[in-house]
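Fit chain to chain and form the complex, with the hints in mind.
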Amino acid sequence: MFEREKMAELQKQYRAYEDELAAQVKKRPEVKEKFELDSGIPVKALYTPLDLEGFDYQEKLGFPGHYPFTRGVQLNMYRGRLWTMRQYAGYGTAEETNRRFRYLLEQGQTGLSVAFDLPTQIGYDSDHPLAQGEVGKVGVAIDSLEDMETLFEGIPLDKVSTSMTINAPAAILLAMYIAVAEKQGVPPEKLNGTIQNDILKEYVARGTYIFPPAPSMRLITDIFAYCSKHVPNWNTISISGYHIREAGSTAVQEVAFTLANGIAYVQAAIDAGLNVDDFAPRLSFFFNAHLNFFEEIAKFRAARRLWARIMRERFGAKNPRSWMLRFHTQTAGCSLTAQQPLVNIIRTAFEALAAVLGGTQSLHTNSYDEALALPSEQSVLIALRTQQVIGYEIGVTDTVDPLGGSYYVEKLTDEIEEKALAYIKKIDELGGAPEAIEFMQKEIQESAYRYQMEVESGKKVVIGVNRYQIKEERPKGLLKVDPAVRERQVAKLRDLKARRDNSKVERVLGELRKAAATRENLMPYFLEAVKAYATLGEICNVLRDVFGEYRQQVVL
Amino acid sequence: MSERPIRVLIAKPGLDGHDRGAKVVAQALRDAGMEVIYTGLRQTPEQIVEAAIQEDVQVVGLSCLSGAHMYLFPAVVEGLRARGAGDIIVLGGGIIPDEDIPLLKEAGVVEIFGPGTPTAEIIRFIREEVQKRAGKGESHHG
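First to last, the sequence lines map onto chains A and B.
Residue 1 is where the first sequence starts when you use my numbering, and the numbers rise one by one after that.
Residue 557 is where the second sequence starts when you use my numbering, and the numbers rise one by one after that.
Here chain B stands alone, though its shape is the one from the complex (with noise of 0.2 Å):
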């Protein structure tokens, strides 16, 4: 495994605006020495799949507070699965109802953050999920 610092990209899919935990999450991953691309409001599934291709990351953030999360969190893993990146993780956040959770996991969304979450949680989890990946697939990342 590399030693370069992991790439993860934040991403507010669909029409929601409220990026306050995606850019307080984007920035505490920041000052862990990760390097984050945020994407921004309004962004397709497909814009998403995109620039996680094209940024190279190793994990994406999706944040959703309006309720569109069940279809747009799968459809942003569908997407990567598609384009042969079904090995980036994906991650989600937002006002998620519990019985949610297990759906979306079905889909393939790695885990779910929901609000009060602390920061150092997300960080805990990122570095030990990509640790995990790596062990197992070093041949992907060299």
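The following block holds chain A by itself, in its conformation from the complex (with noise of 0.2 Å):
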């Protein structure tokens, strides 16, 4: 990249430069005496080209839309179309959440995302022992494919992506969205969405788990081989590094880890003997946007060149849109205070550049009071305009991959990339992501610890926590969901048993007893037994008979 003469003159004038600051730093000590990112990568107070010495474009960065994609996975990027705006939401009941879609929508929302409540997200109806004081409340809760109706009533699934945090079940609401689409009279083919269906980092970091490994995997091939045939725009897992980040990891560690758990989807997809190039395509990603700007930007980019290298090298995928990192990006749930949270508006805004500058394909920003409370309609509407005014007011979107090219970035892409392949090649001879939960695990906890003593020794500083406070009330305004959700879905259970076929569920739950215990494809079980309005709860129970029940490990 730069000729050979040049950078020796360049070497001997960087040299006098660093002498005439480590001359001038002894007189006056910088702000910090260590400048670090929290994945240990030291930070210089200059990058030059001496930095990227040998630095190959086509090799690292080649162009947008092309292989490695270091630079975007579009030709044009945000010129083409902006990125999916996206906002998270679900609280109490299919209705109360429908309410708040449309709502969204009318705001100029692009897609939808639907955030379920945890007895949802483990299989239990909102009728069971454990649902007790969790119905409604970190999402909508959804019993039976009536809720489903219920919850995109009026809004035509033809017209709409919508994208369902939901792991552990994500087949039978998968099944449950196909169902409601073909009673609005669209078919499959027409649907366009994502379903998270990562467990593997259920297992390592957010816990809403149900079954062990094996049949968990086997679901999750099972989604991929169906809907390469029958739902092809569905990006069948949304391999998720957000929730990894959020537990404390290192931006380097949340590429590492969510790369090993895409590694070991593919490989089981290829075991299960599926080809490489049907599923691949529609695999697609999730991370997390923290606070350090540039390591965060580094991080997207080096994520993209990584996935293309490992699914052209390692599983020889030839379809280049294997070879593309698509992803989701959320803004850092974990950066957000308690204290002063009009602040996380701007915390969010940064984040959200970060974001849009390592080209994501969708995304959703934190509203200002949710370390306090699920999002009131004022602070999810601020949060989505954040995001309005990085895509259509200031000009980041002009042009692909605007920081390439900077000595920082592209030296801290490349370095993050190391530390990752470092972590994969250390994961896979542990044996693959399945085997290496509990040292996923430690390795974010002890992170998680490190940043948390940093914050309280005053060497990381969190404005409004332990720098700039203020005696300050609690903003009003918050919102709380109604206790009495419970009853009602419970009345609402209690409704449906009365009304349906109950021998036909108790048939169709037969049928998939018997096919769970094979090796059949369970998609078009789940499909009957969802149109038959069993519920969510009966079909799990059915698995968890036949498929047993996940004990975690405790690390600590």
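Take these hints with a grain of salt, some might be off.
[To be verified] Using 25 Å as the maximum straight-line C-alpha spacing, the simulated PhoX-like pairs for lysine-lysine come out as follows: (1) K661(B) / K476(A); (2) K492(A) / K318(A); (3) K12(A) / K27(A); (4) K159(A) / K229(A); (5) K471(A) / K661(B); (6) K159(A) / K190(A); (7) K471(A) / K34(A); (8) K476(A) / K492(A); (9) K661(B) / K480(A).
Worth flagging that the hints you see were computed from the coordinates, not collected in a lab.
Dropping the structure here:
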């Protein structure tokens, strides 16, 4: 990239600069003793072409829309279309969440993202004893196809793309979505959206697992196989680093563990007899956008390059779409503070900007009150408007990968890639991601603890928490979920069970039980079961009987 | 009062999977010289009560970020009382709205530590509270 003679000259000048700077620092110390990223990467005062010696543009960057996609997955990125503005939403009953969805769509949101409550995510109906206190709290309660019909009432499913944060019972919720679409007259091949369907990170960091790894991986590959034939535009998985980061990992660990999980899914599908290019184009990813601006941008770029190489070189994928790492981003929930919550608007804006400069395909911006409660209508509107300002007002979308070629960003991209690769190698040595769950947990936990200690020592500044604190009143108008949601859901369930054809339910559940014990693809059985209005809990209980339940190893 | 280290059970009641805070607090208490048992995820109030009694702890720290605290925290306090272990100090953390705090305290939760609380503050609180109770009821702990 740079001529040899000029580099030698530059080297000389750089040394002189270093000496000059060292002399100055002796007299006037810098604001920090050590400049370092949480990933352990040191940050220099200045980056120059010397940091990129031997940098091969074609090999490292290439062109957007082309291997290795460092600069982005589309030829012209946001000049063609902005990212999908997709706010994660859901609480209470399907009726309430349907209202929030319609509000968000009216305000210019371009895709839906469903938050389910914990009983739904763990496959319990609202009347289950373990659901006490949890129904409708962190998301909407869905017990049966009826609730799903209400959730999407008046929202044409051929016009909107829907992301569903559902993992262990993802196949069943997808079956419900397909069934709702069918009732609306929309065929499955016209459906667009994503299911999270990433069980490995549930074991590692998020906790909504149900079944042990082997049958869970089978459910995932069943979905890959079914969708490649019947729901071709559906993103069958969203391999998620978001929750790994929220649990306390560094940026490098986020990339490494996410891609290691990705490798495990690809390998499982190949082992199940699928052709890599039949399912790989529909894999998608989900990352966190945290506070360190350049580290985050470099992280997204490094992740794209790494995945492209993994898919082409390790798995021999031939279709360029199989090489592309397409991802959703959410700003870092863990960076929000309960103190001086309006400051969260600013944090979120910077994080969102990093996601856009990193080339995200869709984005959720957190609401400023989320360290206190579920977002109110007012706070979610500001979050959405933040994306719209980035998209329409500040010009960062006019050119592709505007930070490409920055000495610092390119160097960081290389360093993150290198460190992530070392982790992936380590996980390979442990036998792959499913065997490395406790290893990943331990690594994350250490990072989380280090972070906390740095906040407490003041080494890491958190405005409002360890610096610039004020006496303040808590904000008013926080959203509170009606505790009567559970009673309403339980009444609905009772009513449904009295009305539906119970002998049919028994029959379809019996068929599912038999099929679950074989290697047959279970998707058609889930479709039959949900259409007969078998409840989510009933279906999951059949699977619990056949598959057993996962028991967490406590790592501390 | 014996010189044995303070024993603490850190527990995750309910279905919530957010255990970053619970684990960080557990580690910080351990680094401060306390004996800490962490339950792992998805514990019922009954399981937590049982573990607290089996492990003979002086303090139970409950963490919940899913909004189910109004059901789960009081259930643990009541369970402990029913088993004659009402002297165990129950603390709570997580996303707990301000207006719920007095209600939880009324139900017997001794203190709530919200987001941004330094672990040093929790350590100090536990030491003081344990000391206070040891002073009051020395016969209990010999």
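Could you tell me which of the numbered hints above are not met by this structure, giving the numbers in increasing order?
2, 7 and 8
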